Amino acid sequence: MLDLTPSEHLDRRALRINPCKTCQPVGALFAALGVERCMPHSHGSQGCCSYHRTVLSRHFKEPAIAASSSFTEGASVFGGRSNLVAATRNIFAIYDPDIIAVHTTCLSETIGDDLGSYIMDLEVPPGKLVVHANTPSYAGSHIVGYARMTMGFMSYLTQKTGVPNGRCAVLPGWVNPGDLRELKQIAAQMEVPCTFFPDQSGVLDAPMTGTYELYPKGGTTIAEIRGLGDSESAIALGEIINEEPAELLEKKWKVPYTLLPLPVGVAYTDAFVMALQRHSKLEVPADLEAQRGRLVDLLLDSHQYTYGKRVALFGDPDIVLALTSLVLEAGMVPAYVITGTPKETFTRKAEALFAQYGAEGCIARAGSDLFELHQWIKRESVDLLIGSSYGKQIARAEDIPFVRAGFPVLDRYGHSLLPVVGYTGGIRLIEKISNALMDRFDRDCAEEDFEVVM
Amino acid sequence: MNADTEGTMASAAAAATSAAATPAATATPATPAATAGLASPVASTVTAAPFAPAVPASARHANRAAASRERILEAYPAKVYKNRKDHILALEETAEENTIAANTRAIPGVMTARGCCYAGCKGVVVGPLKDVCVITHGPIGCGFYTWGTRRNKAKPDEHTDKNFVPYCFSTDMQESDIVFGGEKKLEQAIDEAMTLFKPSSIMICSTCPVGLIGDDVQAVARRAEEKYGITAVGYSCEGYKGVSQSAGHHIANNGLMRSVIGTGDAQPKTAFSVNILGEYNIGGDGWEESRLLARCGIEVLNLFTGDASCEALKSAHLAHLNLVMCHRSINYIAEMMKTKYGIDWLKVNFIGIEATCKSLRSIARYFDDPGLSARVEEVIAEEMDAIQEQMDQYRQRLAGKTAGIFSGGSRSHHYQALLESLGMRTVIAGYEFAHRDDYEGRDVIPFIKEDADSKNIETITVEPDPLHYRERYSTSQIAALKAGGVAEGIELDTYDGMMSDMGAGDVVVDDYNHHETDALIKGLKPDVFLSGIKDKYSIQKAGVSSRQIHSYDYSGPYTCFQGALNFAHDLTMSLYTNAWGLVVPPWKNQPMLEGTLGGD
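These protein sequence lines map, in sequence, to chains S and U. Residue 358 in the numbering used here sits at position 358 of the first sequence, with consecutive numbering throughout. Residue 1588 in the numbering used here sits at position 588 of the second sequence, with consecutive numbering throughout.
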């Protein structure tokens, strides 16, 4: 596996090998699936839409709907206005969504299609809506596309009636339905009325009933998105993905926000809980505090199998930073921490975490790829690898225990139904991590060292 | 494979003791499981009409098909209706009446399953070449989505020891590359790839922006050839070209024909050497074919392009015969090799037991060698013997069930043969990107009207090669081999299309979409639907057993005799797995427990 990867480093400037990111439009599509009765629409050639639906279906093991403007060579020369007009007309007639969320692609961006003006000129059926976001594939990554689509909805829909709704807007970031359910559970325990936006739970974890629903029950409602401007405050999870959306909400409607890391592990979940507490002004309930205590208990119980273990983490910036915090809490050494998304704040935040825990000799890099990570591992190996399914290649090549987390996870079932966020998610992750390390010990140890009790 | 199949078969047999647990049921009377509320809702709702009308089954089938077609079309706005009505057929009795519109633009906003030109070129044909460093020139997405996502299995060859298939290479174009042009970055990327890997071949696949900004990937490839003395090919397969993946197949075929095939001189070792064109080795399909053919004494020189190497493809023109599996994606090479090198091509199908036997016998007949023919019969007998008992068991559980198949451009035909081997009937078949000849047979080609989208795709003309052109048979001998049609003749240098194997009342859909899939499932209620990942879960959620026919749901191989057994196992498993009986909670089917009176 990956037999051609040499350990000697070459300073690459042009060739990306084994990327640790994908393009903006899939993020836009994913965000749009978190809105109730929404049809995501890809304004470009139909291959983009096909690829995005495919990767989302493979990750969630669920249908992922979206339509395309199906550009041909003619549209690429003359512009995609007529394709968009035909597409929106057909989508409303055949699929009857309440809202169409259009995102651009490298094709429509390169030819300079002006979506804002196209949409203004559309004949939209009464009561229906069309919004858009510019998501050129040649800038940023899927993370940026998610943020842009979030902002697209906000720009088109949010308003301020002047009557505060007493709610806290929660921008959850790029997480799975299982995470969204856990975050909502914590908010409910804290008795904070929250609007989660976007919210793919229900949509991308629809139950089996024997009846297929094009729009499964779930997603943030249009009314809830409109009401974001009346929110009392906002909590934005994911310091990199949600910085701009949170700022937009504040700039537009003066909604004060707290920008936090994804709540993975003890400290980052504590931060989320305390942000909720500032809203509720209530004591943290005993059962939530007890769950925190159980996670800390587990960290102490299992520390001798995690302490000092070198781990490589890769994936999207916010989940990688949050997982880094968790592994540091477990006494591990995050030797290599990379993301493909080109955001330098990632590197600074990772290095701040290393400093906070006194972890030395650790490397963090944004705009990196899995080829580079593999080369580092070849030169100095690690005890554990954590990241998306693409890590399994490196794990096999170098015989390293591997824990899947982040996006995309294409080769496991059920992973997106359970959380990694919150104290409960922390317990799940520590169980996975310690299992992986202990299984490895059992596999490799001498017969006389093989013990029933550990 | 054997041990595995036997093991799982036992559990499948145990699992399926309750017939009511099939997802889309035939008219099963209430079983204990059903009365206990364990049957799926579909199983309980999809029952036969209580009073069978006094029309023959075939006429009922035709009526139902026509009604389903009407219901699909009714939902469309006028313009969409006008377009789609020619792409959906409820088949008539006579072939002349069954003409279909195909290979035309998808309609914007309609949830087509189609992909793009790049997907056809890089994803299908070029990507599987294991000794080639295939660089996607464009923003990161297109390269990322074609990384390890198609099951074109490959093992490195001993002589090259290189396998690039697990890798993804991209120029990851940024905004500045779009503004100032990306050629320099592409050249730098090639330099870096050469430094790191020293490949003997580099191929460049273009994405949408490349053509728009005017990067000349062919010129870059030429310069790389001169600089490094390697084989380098640039493909202008921008996503917006053509109307589907099909354009990308054509572009890839042209590139291989122009730059690769015919440049080598590795002679076949036997007198019966073949290439298998349109075999991408999904789930190891091609390896199973190669194993079977080798047993017969037939040497497989190349699979096009599963587990293929550019080095070996260079000598593909020295084969004695081309076998064609996926006609749609590779017929251009088959035709061009016939013209340029005189190599005949034989349409084969190794999916399905009878189809495999027929394909083997056709090959033997082509080579016209008594020893080979005898060996083929021996192998057929042995392979049949090895699977017969288990196949009979599976057939008992599957016979009489109906299926729908939506695939790319050839499997919907191929798998009908395998389903037939299992006693099943295909009532819905459709393609994403097939052309009329894939539906109606190659005889229709002269009558296909070219539109602007297909004219934009280059057609290359080849001449007989003065050195290598050799004909095995004269035109009249070929006619004699073909004589007798489907029953007697062999399908040499031609293809009769999918609809020739279908019957009146079956539904055929071109460029099928989400709405049509949903409506046909409701209207025709197939027991199983074979389609792709984008449809899989919506079909399953509707209570119909759903299997991916592009990826085989990570199983396979499905070819030849052992593959048929694998498929039969997988289909049985998906139809009878116990969870189907758990869909409806017991409280939905049982009267509420006695309540307490309020206030007590």
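Just so you know, these hints were derived from the structure itself, not from any lab. Hints are supplied without guarantee of correctness; some may be wrong.
Residues on chain S that point at chain U, a partial pick, calculated with CB under 10 Å [what the hints assert, rightly or not]:
| id | residue |
| --- | --- |
| 1 | Met1 |
| 2 | Asp3 |
| 3 | Leu4 |
| 4 | His41 |
| 5 | Asn90 |
| 6 | Ala139 |
| 7 | Gln356 |
| 8 | Gly358 |
For clarity, every value in this text was computed on a predicted model and none was experimentally measured. Ideal placement from N, C-alpha and C gives every residue a C-beta, glycine not left out.
Against the structure, the hints:
Using the Cβ-Cβ criterion of 10 Å, the hint placing S/Met1 at the interface with chain U is satisfied: the shortest such distance is roughly 6 Å. The restraint placing S/Asp3 at the interface with chain U holds, with a minimum CB-CB distance near 7 Å, inside the 10 Å limit. Here the hint on S/Leu4 is kept, as its CB sits about 5 Å from the closest CB of chain U, short of 10 Å. Here the hint on S/His41 is kept, as its CB sits about 8 Å from the closest CB of chain U, short of 10 Å.
For S/Asn90, the suggested interface contact is upheld, since its CB lies about 3 Å from the closest CB of chain U, less than 10 Å. Hint status for S/Ala139: holds, given a least beta-carbon distance of 5 Å to chain U, under 10 Å. Because the smallest distance between the Cβ of S/Gln356 and any Cβ of chain U comes to about 32 Å, over 10 Å, the interface hint for this residue is violated. Below 10 Å, beta-carbon pairs count as interface contacts, and S/Gly358 has none with chain U, the closest being about 35 Å; its hint is therefore violated.
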